[in-house]
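Number of protein chains: 2
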Amino acid sequence: MSSKKIRIAICGYGNLGKGAEKAVANNKDMELVGIFTRRNPAEIAEQTSTKVISIDDVSEYVDDVDVIIMAGGLATDLPQQVPEFAKLFSTVDSFDTHKKIPEYLVAVDKQARKNGNISIISVGRDPGLFSMNRLYMESILFGTKAYSVNRLYMESFLFGTKAHSFWGEGVSQGHSDAIRRISGVKDARQDTIPMLEAMERVRKGENPDLSDGEKHRRICYVVAEEGADKGRIREEIIHMPNYFEPYDMTVYYIEEEELKTDYSGLPHGGFVLCTGETSPGVKQRMKFELDLDSNPEFTGAVLVAYARAAYRMKKEGQTGARTVFDVAPILLHPDAREEAIRKLL
Amino acid sequence: MSSKKIRIAICGYGNLGKGAEKAVANNKDMELVGIFTRRNPAEIAEQTSTKVISIDDVSEYVDDVDVIIMAGGLATDLPQQVPEFAKLFSTVDSFDTHKKIPEYLVAVDKQARKNGNISIISVGRDPGLFSMNRLYMESILFGTKAYSVNRLYMESFLFGTKAHSFWGEGVSQGHSDAIRRISGVKDARQDTIPMLEAMERVRKGENPDLSDGEKHRRICYVVAEEGADKGRIREEIIHMPNYFEPYDMTVYYIEEEELKTDYSGLPHGGFVLCTGETSPGVKQRMKFELDLDSNPEFTGAVLVAYARAAYRMKKEGQTGARTVFDVAPILLHPDAREEAIRKLL
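If you read the sequences in order, they're chains A and B.
Per my numbering: the first sequence = residues 14 to 358.
Per my numbering: the second sequence = residues 14 to 358.
Excised from the complex, chain A in its bound form:
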């Protein structure tokens, strides 16, 4: 390892940007050059000791930043921003609309390749670590199906230490964000609840075909602006393609104060599970699981590890867009390969 630190910048300073800021501070081989924002930098400067820079000045920083962590709105900002930023910097992002990933990958790849950068897309929990575990599982247990399930009262039978209530579990940031963009919505929070019956079938090794809507239902807590048409907002939510249309939906209207106090945490979790047979009757189960006090801080930590990989891949002369599937695990770890093999293999 060279002693030179990897120079990171963050674009966007919402929950995810703040999580990434903390993660950079936890990694000794990195330094945070600055935070880019669309807002007035002075407004953000009050909240952080990191240098805050207007997004309009981003091109002045091409020689000062190795990798930029794209922490803008997932559904709407990233598809616009990342192909633009990939012209100037190596990037990592957590774009999370599963169905649009292939076209997004192509758009980002084109710019990153043309301009000699590496862009690692759709990094985080899911898509991200969960996707990678689906891939590992289905590669090893051929013909099995890997199921991803969000938090299922996990603590009660798994870690045994925390007694969470049902409400407030499984916040989806991308989906909450999508609701907030509907006209007349002041704030929102979306919780994802797994279907117990579907889970039970997976555990029994039935390997059922399950649609998205059979695995989870979704609950939305919406703070409406004064005078907004609540009926119309509800319709817009439940018919939003990809995001909500496939699901059994419940929409609750609550007061802003209530959202801030009773629903303010951002815990999340879940697991990827599969049951496969290597010969008739011989069942093999694999499971990957996350139990998170803070989803944005965790996603920030994952983005930062992949920022290290992007830096190393570019240094090797690679260019173009990558996913978690394409990145060898060793590229994420701060240690040199020989050291990591000695300590961890």
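It should be emphasised that the hints constitute simulated quantities derived from the structure, not laboratory data.
Every residue gets a Cβ at the ideal spot worked out from N, C-alpha and C, and that includes glycine.
Since no wrong hints were added, every one of them can be taken at face value.
Taking lysine to any residue and the SDA-like style, the derived pairs with C-alpha atoms no more than 20 Å apart in a straight line are: (1) A/K100 <-> A/R126; (2) A/K356 <-> B/D339; (3) B/K356 <-> A/H111.
Among chain B residues calculated to face chain A with C-beta under 8 Å, some are: (4) F155; (5) R298; (6) F301; (7) D339.
Selected chain B positions facing chain A (in silico; Cβ < 8 Å): (8) S135; (9) R147; (10) G156; (11) T291; (12) E310; (13) A314; (14) T336.
Go by the hints and put chain B onto chain A.
For chain B alone, kept in the frame of chain A given last:
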């Protein structure tokens, strides 16, 4: 993907070789060319419909085999065989003496590189998938420690469906093998039992420093040959460096018949767990877990997935020895990259 199948051979036909044979049959993009054995091929041919070939004739098959799965004795055969085989073929193996991996890697790398082959070493459960998860966890949750623990009555609180008894859980094939090589030992089985107290400390987020011996104790069931010196055998077992010396050991002598009937299954499992903080008080837990009806069949399935990766890496012109840390996840999956991204990311 080309329609040409990947041509696999297996060297060794014990539990692991048989597991690998089943795994190849489960993968439509592979075919099994043959099984190499040191024994009399006729003896093995009775047990399988695969072609059985004397190990002395291996060099005649250089043009017929893409990757050879090395399924000989882990502790003694592999360090001798794999550097030799790497001169002729790409290889995958499950060498499992953690402390000797660095020197083994160098020895295999030298021959593979010189002869234009790829050798992926120490693939399986642990070292292998567990190691990789330790690496992912420590890369993401910087400063945390990832603990690997073998089966901890998992079913009772995790899958809720099976009621295993304590005995017979957590068989270690490599360690059983090591005991069998002691003079006077007819057969043996070694079970690994996790220390509950140590686990509890990890779950609480204490991140303690735990030696191997603080995490597990080991129980050996030994069938002695008639007239063998049981006291001497016991001493040889408990003082075996790396294998048993660091552990709290219990050695039981049992009858051959008893070993075959009461202790014949090879289930295994365990998990890798870590608890890290991304900011003060914000705890994030990651866990990867296996619950296996058959350890050798599962290890065989992992070896086969990495055989696919070895085939692809060699085709790309790569040479030398690799570990699970070096292999991008996408190389394991039978699907083309675009297809896997569409389906699994």
